[in-house]
Amino acid sequence: MTHLLAPGRLVCPNNCGAVAPNVTNVAAGSGSSTMHDCPTLAGLSVPLVPEGTRAEARAHEREDYLNGELVRYDANGRPMMSVTVERDTGNDCVVFAPTATAGAEASL
Amino acid sequence: MAWSNSKIFMAFLEDVFENTTAMDLNLDTFKAALYDNDVVPSQTVTSANTAYNAGQWVITGNEVSDTTNWNAGGEPLTSVTSSFASNVYTFDAANTPQAGASCTLANVYGCLVYDDSIATPVADQGVSYHYFGGIQSVTAGTFTIVWNASGIFAITA
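Protein sequences appear in the order of chains A and B.
Each residue of the first sequence is one higher than the last, beginning at 359 in the working numbering.
Each residue of the second sequence is one higher than the last, beginning at 52 in the working numbering.
Note that these hints are calculated values from the structure, not bench results.
Fair warning: there could be bad hints in the mix.
Claimed, not checked - Derived Cβ-Cβ restraints for the label pairs, each shown as a range: (1) Phe68(B) - Gly426(A): 43 to 53 Å; (2) Glu65(B) - Ala386(A): 43 to 53 Å; (3) Glu421(A) - Asn138(B): 25 to 35 Å; (4) Ala170(B) - Asp446(A): 37 to 47 Å; (5) Pro172(B) - Gly410(A): 47 to 57 Å; (6) Cys374(A) - Asn138(B): 33 to 43 Å; (7) Gly375(A) - Val91(B): 16 to 26 Å; (8) Gly410(A) - Asn146(B): 45 to 55 Å; (9) Arg412(A) - Thr71(B): 46 to 56 Å; (10) Ala53(B) - Asn383(A): 31 to 41 Å; (11) Thr97(B) - Ala386(A): 45 to 55 Å; (12) Asn434(A) - Thr111(B): 39 to 49 Å; (13) Val139(B) - Asp432(A): 18 to 28 Å.
For every residue, glycine included, the Cβ atom is placed at its ideal position computed from N, Cα and C.
Can you make the complete structure from the sequences, with help from the hints?
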């Protein structure tokens, strides 16, 4: 009987339990663009890493004034700028781009 | 002053309303190009100065790219949507990742969203720009722009 190897998995760098199939065959130790909403970072989008990769995800608050920007907030109500994943061979970055808005204000 | 906010270009709105440009938001190809903090964005510049590789959005000295996986000229927006609900029009897209397996980028502060399909009267005319809120970098890794749940840009009537 021939046993098929199970496909590799992508997992949360902070070990929240999230998993996904490694359908694009991301190499061990590398980063991926497959995301999950991570409870360890207050629900922010965090990229998964191949199982067995030493990695840690960190969230970064916006470093500038909000100035009316429509930004991403985490579950604690903090305005977030990005999430980075630090690995032995590099790092990954997810930036949360604000929405550009327009709308006329009513005059009294 | 460098990056401070995210805006829709006024020239884009006027040109679309007046049929000066034939930009089609649900058919054209749009791209997101990355820039450093040498850029001084302004939403009130002329149409020509909103374009990729024009005005503040020049390649030399301002654009940030990776020769293999975040190309000069930016990465294409995918799954673009153009719609309205109630009194809000929204232009949106899926997350925008780097092209290949990994990239190395430094000193990224924001991006320009522009129409890569339009050639006349202004080629690569800009639609909006977005300030990421601080310096970003990636080394031998993935770089992904996650657009806000409220869209790339939204207009409230």
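Outcome for the supplied range 16 to 26 Å, where the beta carbon pair is Gly375(A) and Val91(B)
About 45 Å separates the Cβ atoms of Gly375(A) and Val91(B), which means 16 to 26 Å is violated.
Range hint compliance [Cβ, Cys374(A) to Asn138(B), 33 to 43 Å]:
38 Å, holds
Would you say the C-beta atoms of Glu65(B) and Ala386(A) sit inside 43 to 53 Å of each other?
The hint (43 to 53 Å, Cβ to Cβ) holds, given that Glu65(B) and Ala386(A) are roughly 52 Å apart.
Is 43 to 53 Å respected by the C-beta to C-beta distance linking Phe68(B) and Gly426(A)?
Violated, since Phe68(B) and Gly426(A) (Cβ atoms, about 24 Å apart) do not stay within the stated range.
Using the Cβ atoms, figure out if Ala53(B) sits within 31 to 41 Å of Asn383(A).
40 Å, holds
Between Glu421(A) and Asn138(B), does the beta-carbon spacing fit 25 to 35 Å?
33 Å, holds
So does Ala170(B) sit 37 to 47 Å from Asp446(A), Cβ to Cβ?
Distance hint for Ala170(B), Asp446(A) holds at roughly 46 Å.
Taking the beta carbons of Pro172(B) and Gly410(A), is their distance inside 47 to 57 Å?
54 Å, holds
Using the Cβ atoms, figure out if Gly410(A) sits within 45 to 55 Å of Asn146(B).
25 Å, violated
Looking only at beta-carbon atoms, does the pair Thr97(B), Ala386(A) fall within the given range of 45 to 55 Å?
50 Å, holds
Satisfaction of the hinted span 46 to 56 Å by the C-beta atoms belonging to Arg412(A) and Thr71(B):
For Thr71(B) against Arg412(A), whose Cβ atoms are near 54 Å apart, the range 46 to 56 Å holds.
Taking 39 to 49 Å as the hint, is the beta-carbon distance of Asn434(A) and Thr111(B) inside that range?
41 Å, holds
In this structure, the earlier hints numbered 1, 7, 8 are contradicted, and the remaining ones agree with it.
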